[in-house]
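Starting from two chains that each stand alone, build the complex the way the hints lay out.
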Amino acid sequence: MLGTPYPKEQMHRIAYTKLTEQQISDKLGKVSGPTSASPLSDVFVGKSIRIVTDNGPALAYTFSRTDRLSVAENGGSAVNAGYGALTLSNVAFFSHMIPGTQRGYTVAVDQGTNLATVFELWFSGYKDNREVQREIYYGYVEQAGQQPPAARHIPTNRVEGKGFYWKQDAGAETLEFFPSAAYSNFVELSRLGGELGFCAPSDYIKINEDRYIYTRTECEFSGTFTAYVMDLNRIEQVGVRLGFNADDALEYYVFHGKGEWLGQLAQFEKFGDEKGNPVPAAAPGQTPAKGARRVYRPFETMAKMTKAEVDAACAKRSVAFAPRTTGPAAGMGGNLGPNTDWLAGKTFTLRYDAAPAMEYRIDDAENLNWRKESDAAWTKARYQAWESAPGLILFGHLLEGAPNHDGHAIVVDFDQGLVTCFNGFLNTPYFANEAGVKILFGVIEMEGLIPPKYNRHKFTEEMLGRAVSQNYAPNLTSMHLYTTPHSLSWIIFTDTDAGGLQWSGPASYVKIRDGIYFMYWLEEACNGTLGTILVNLHTMRDVGVGYNCGPNGLGMSAVGAHERLAGQFDIRRFYQVKSSGGVV
Amino acid sequence: MKKQPDSTRRSFLKNGALLAAPLAAVAAPAAIIADDNLKTRLARLEDEAAIRELHQSWLRQINGAAVNAGATGAPRPLLSNSKGAAFDQLVRRIALDHTGEPDAIDLAADGKSATGRFHCAVEIETALPQDCTLAQMARAQGSGFLCRTERRVLQVAYVKVGGDWSIAKAELTPA
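Listed in order, the protein sequences are those of chains P and L.
Every letter in the first sequence is one number past the one before it in this note's numbering, and letter 455, counting from 1, is 455.
Every letter in the second sequence is one number past the one before it in this note's numbering, and letter 143, counting from 1, is 143.
Extracted from the complex, chain L is given alone in its bound form (with noise of 0.2 angstroms):
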């Protein structure tokens, strides 16, 4: 069986490691360094990416829900998602504001913890007090809700736990 090329960014590293072993042999405690310095800069890499997929997938969970919510009947979700977080708001929808800042994602030293600041448009919608008929008409047809779009920064704080990224908490705070 021919062994298929190992083509990963893991694996890129790994091998110029080892072809710079040689060269590098006289100076074996700065390679060692050297390798180990790669090795962080690989996991906190790693990591990142495992966060940014993680709050991709929690976005479109969130952004999914709202949409399927939205044509009628429905309870409109909460923001939140399995590990628990949650805002004081019902939430529609979150979409990247390209005018804000970049996004931030901060690891903590030990790797175990991490913070992200994302500027974001945040729909937030807000249900009608049922104190007037068009309300309660709408409400009966499945609406009910006001709906506006803000400017806000997505604060999440991240933990691995057991080797996996979850969202600890999660918070919008004005931009």
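Okay, chain P solo, but in the shape it has when bound (with noise of 0.2 angstroms):
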């Protein structure tokens, strides 16, 4: 039978069903505990346990089953629910929904401290009802004739820089890395073909120094929370995902996992610096509301526009390179470095494999000409070059008069006569601002340089898994994560050096020479850029150029970044083509 592991639509791409709040109990009323692939647990059967927390509820617990439970909140009456234990070493975790309600709690409890870690979770807290939302409560559960302990489970950053491979019960495999100490990101191997990685934000909380509670609330897709106990040592997991699919049906389920660890990045905190929570929910001074957390919400605030607009935009204003502001409000052109002259006064053809040639005669440092070969007419444009490496050159313009006003991000290497074109274009499927990128491999061919017949650059795996920090300027400090051979993402670093918030696109990498990588990512479901640079491991520099539209119309910009290495996940292993089909 044919058949891919992959989704009809990506998960940015998804038009997820705008539940109402009927819709949500309804389904919720159908179902009365999460399910479980693994046996669940009688760790609490027969038991009546008092959980306190601080600054939240009171909660107590009589398991009767292991699968049936009563609760009573803040001394009030008990309610009889279905739930579901798993145990991960002394940690015991379980899960519940409220009967007739939309809401519901999943625990944490360390059996040798006693301490214990409350997330209530409810629907319909946010616009978007399908969205779970969460609070987080620390407490411990009551001792009779003990003094309560003094210690809590606490957020942390311990867990900033891992990354892991797991494979649930259920057989749902997945690589997840928490760059972050605020959001984390995460490929669906098995659900949808890891094609594209995803991030969403998440919670860390340390239990102890071998195990620690992960979070992550899929904002901006599903709305589906995950969270689960994990043991570094054992690479073992214990957890829930409560939410509803891209089928708008129910997921709610406790899940063992086993899995492998892929690697650690650095952190960029300063040493002792092991504070979670790096990016509060509410300014200093301001309570955050009950469930508050910071969202990057890209696609909510993006413009969305059609060709008509786009058009409009365009003839409007199309500027490439717009003088450069120098000094800090220079943004991320802030460490780009001057441009070069290097391509001044010369003449040459850029001739793709699989489209037109490009001919070009370049005036000075800031001014070309170019046509395609069948053209006759030579057409001015504006554009900027760098030289990254001696003779290698990215230089980019727009091109004035294309129907769909295509950009060009070009790396030009005259010591191997090879060319990579980054060919942006607008006028995409979903949004027409959105750029989209056609690759276009070729050769240099000008006067005393003989190009090669079948060599080019090429796609390349080599820096997949790894993770360079990319500082512009002083306070505007990012990190790549190359997470797929087809998406990267990026993470931004708070006042503090900790990683923030993060989001990702599709991307792809192509070797120019030893340590030498170009590569692009599209801004897709967030602002629709395209953008492209030419990574120099041997200088730790990249140069680059974004190409943009919006309402203000088109442009594009150049970026520059001093670059430091990270650190890299072994994670090349699983997107390998296997015989029988499929990545995994």
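No lab work stands behind these hints, which were simulated from the structure alone.
Remember, it's a predicted structure, so these values are computed and weren't measured experimentally.
These stretches of chain L come out as covered by chain P in the derived footprint (C-beta under 8 angstroms, 3 or more residues):
#	stretch
1	132-140
2	143-152
Incomplete in silico selection of chain P near chain L, CB under 8 angstroms:
#	residue
3	N475
4	L476
5	G500
6	E523
7	T529
Glycine included, every Cβ here is placed at the ideal spot set by N, Cα and C.
What follows is the structure, given as structure tokens:
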């Protein structure tokens, strides 16, 4: 039977149903508790416990079976509910909903210390009802005749930099990376085929030096909530998944998983800084609302334009390399360095294998003339170029008059006679202002230069799993994490250099020379930008060209950063094509 | 009730002037002049002290506000004070520049105004243009500013109204 592991639409393209509160109640009403592929634990059966939390509820539980409990909140009447519990060493983890409501609890109890972390979960708490909300309470299991413990589980950045492969008991396989202390990056290998990685706001809570609690809520997507306890030495997890999938079916199950450690990235906080929650939900001095968390919602805020709007915006304003602001306000161009006049006075043809050849006459450091080989007329364009390594030039320009408002970001290697072009264009299928890209390989034809007949720059997986920080200017530092052969994510650092907000997009990597890579990423369902950078690991510096269209028009701009290697996850093996099909 | 000893600079000068009076009885005009000079000198010292205290308090207010706002979320303060002094840039912090020239406070002859010159290391922040994803994300997490430290001269104009000093104008000029 024919079949691929790939979804019809990737997560960022799915138009998730705006479920009504009634629809959610109806769906929740049909289940009594979480399912489980593994036998449920009887750790609590026959017991009654009372969990006391700081600034939160007191929960009195009585567990009658492995799947039934009663719970009384804050001394109220007891309610019967279905639940599921699993254990990981001495940590007991269970989850249940409150029947007749859209809320429930997920609890992790360290039976060694009697400390507990309680997640109150609920639907219909945000304008997108399906997005699970959570509030975290720290507390303990009351022990008769004993004083309450002073210690608590605590938010932490100690998980930051880690990455794991997980295989759950029901078969779901994921790669999960924690390059931020506030967000996480996950690759759905089995559910979605592992083409792209996605990002979600996350919580990281320390139980002890070996075990931590992790959560993510797939905001901007299905709104599904995942939480698990993980043991970093055993590489095991027990957790829960709660939410509505792309078919609007309720997924509510507890799971056990085993995995592999994939590596550790560097952290950039000061030594000794182990604080969690680096991006507080509320401003200093303000009390966050229940369940508040800082969420990056790029799709919600992006301009979504039609082709007519794009054409009008481009006609109104199309600017390549607007005069650069100097000093700190240069933003992402702060570490760009001077552009080069290396191409000035040269005439050459870039002969692409699968696109019309482009002829160039370069006037000076900022002006060129281009035409497609079959055209008679030349078109003037403003450009800028940077010499990343001797004889290796990155330059970019817009193609005035192109029906899709194309822009070229081009790496020409005059030592090898090779060219790679990321051809950005607009009028793409989802939103007309969202950039698409064609990757053009080819050779340089120029007097005195004999190009190769067969050799070309090549796609590469050498960057796969790597994390590279980019400092564009003081207080403007990000990090790329190359999570799949076809996507990357970017992490923004906080003022204390903790990993903060994170997002991802489709990407591709081309090897130019040893240690030099030309890569792009598309900020799809974000702000539509095509970002390109030429990374030079010898100089630890990148230069790049951004291509973006919005209500203010079309722009091509330059970026430049000083880089640091932050480590590499060992993940290439998860993307190899197997003879049995699939990617795992 | 036992009277507490008065050991302030004012009492010392005052007592000193009284003790000196008999010896200077034959030169009354000179003593009066000396007393007037002392009073004038004293007033100037007190004014300078009041201005320094005002200045330090103002800097604490500015630097404290920056620290509180710096964690996340809150809008960064434009350097200003309740008396209306403000800069045209976002200044996060002002620290003494010990490699610069000494501070100078010059009182006007009428004692109603003064100017101050303070060599400082000034941390200036510039809001990132919100035209790129990174800047938008940085702003979303409460950052989104570029910081730099520059040597500047803080030039302040003070006025005395109703016996109290206040800042009329503050300006940062190149060092």
